[in-house]
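A.B. asks: Mind docking chain B on chain A? Use the hints.
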Amino acid sequence: MNEFGLLTVFSFGPGGWGPAMFKAAAMTIAVALTGFVFGAMVGALGAWAKIAGGRITRGIADGYTTVLRGIPDLLVIYLFYFGSSAVLTPIGRMFGATGFLSLPGFLAGALAIGIVSGAYHTEVFRGAYRSVSRGEIEAAVAIGMSRALVFRRIIVPLSLRFALPGLGNVWQLVLKESALISVTGLVEILRQAQIGAGSTRQPFTFFLAAAILYLVISSVSGWTLQRAEQRFTRGLRRV
Amino acid sequence: MDFPFLCQTLLTLLPGVPLTLKLALSSVVLGVFLALLLALARLSGIRPLAWISRVYVFVFRSTPLLVQIFLIYYGLGQFPALRHSVLWPILREPYWCAVIALTLNTAAYGSEIIRGGLQSVPAGQIEAARACGMSRFQVFRRIVLPLAIRQALPGYGNEVILMVKATALASVITLMEVTGLAAKLISETYRAIEVFIVAGAIYLIINFVITRIIQALEHWLTPHLRSAPAPAVVEQGGPA
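Those protein sequence lines, which keep their order, are chains A and B. The opening position of the first sequence corresponds to residue 1 in the numbering used here, with each subsequent residue numbered one higher. The opening position of the second sequence corresponds to residue 1 in the numbering used here, with each subsequent residue numbered one higher.
Chain A with its partners taken away, still in its complex shape (with noise of 0.2 Å):
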């Protein structure tokens, strides 16, 4: 690289980036967590819509994914930050406040991304539903267990080992997708990268450094849900 090295412009003395960069990466990660959780709990619900649900509540799921899954995320996350604002203003006039009103960048881009997961999360976790057997839920039910128990002994267990790899997927995805929350100015590591970029004038340097990052937060991640994987389908017999 130019006059600096790469070691001298993330060194951790004074004036590197590094812990600058690491303190982003940090914030992509509980961005990213954040999303995600949010986004499992949406596509519960949304799963739960899909198989037990009414004509209704059917159709609702069923629009909610087939929007979700056809619009652009940047758009979702463009509604959360600045829409945010149409509605908390006026919440926030009734109450005294004046002048505009919005979410946090982390609190708008997690609801983003929670909201464009949870469509993802649906269909894994309802296809995850279907491959628990009947015998097994109905053998439950003859033991004279309640629903609930049913639902918390048997099928949370059981659909969660085949959700696992699909959930995984969505990680990632979760993961690639925090990047665009950088548009809302939340120093994540795109954000800081971008900074950087802008300040010391290496933006091939920064991004390059950025997209390693994310490189080894998905490894670390892909390597992590592998061994999990292997660790809860081990009473499954492979043929």
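Hints are computed from structural coordinates only; laboratory data are not their basis. Be careful, since some hints might not be right.
[Unchecked claim] The calculated label-pair distances, taken between Cβ atoms and stated as ranges, are:
(1) A:Leu215 x B:Trp220: 54 to 64 Å
(2) A:Leu215 x B:Leu87: 21 to 31 Å
(3) B:Thr222 x A:Leu33: 36 to 46 Å
(4) B:Arg142 x A:Ile143: 56 to 66 Å
Using N, Cα and C, we set each Cβ at its ideal position, and we do this for glycine too.
C.D. replies: Okay, now just chain B, sitting in the frame of chain A:
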């Protein structure tokens, strides 16, 4: 709902549709060729080639597209040699940077879809073609590729939809396609919800049409899976 505003929003956003389609179409078309090359390299059995293809796919699939766009649009300017080369007039344009980034990105995902298609061709078919005396190239052109395309088409349809969605990121590097116009309109009017509804509807319609086209293509390519037409005349009588 404020219908006059919705109509006005639609009129503001529609001029962005051609750019969205142009970005998606050019990157998908260019991407298919690169994807096919990558898939062939991966399956070639030549170690270094397979390895290059594997690393390419890994890198492009595990980093966000936005980072790739920034690396190409902002990053390449860091190198004076490149700024003074013949390539600079192309790399200076946000449009071409977006097309390059989208193409490189879709090629990584596409190559895995094509690889799945190529690997799904039954060995017996290839053996039969070899036994007929076809050359390796002939086998590829007449047997493997057509069968692989048929197999890979549904997966590739999804990738095309993802590409249409991905063109929205071009708005971040100043391109005024649908999302770019929507973001501009939101910042001018502060009416995010209405603008979102109209922009979302535009994308949904585009994707709906593309899904239908892919389905029609699939129907056309798989005559053997269609139910047979009802027999016109049923012969009566005993064995001849």
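A.B. asks: Compare the structure with each hint and give your call.
C.D. replies: Against the structure, the hints come out as follows:
{"no.": "1", "hint": "A:Leu215 x B:Trp220: 54 to 64 Å", "verdict": "violated (40 Å)"}
{"no.": "2", "hint": "A:Leu215 x B:Leu87: 21 to 31 Å", "verdict": "holds (26 Å)"}
{"no.": "3", "hint": "B:Thr222 x A:Leu33: 36 to 46 Å", "verdict": "holds (43 Å)"}
{"no.": "4", "hint": "B:Arg142 x A:Ile143: 56 to 66 Å", "verdict": "holds (60 Å)"}
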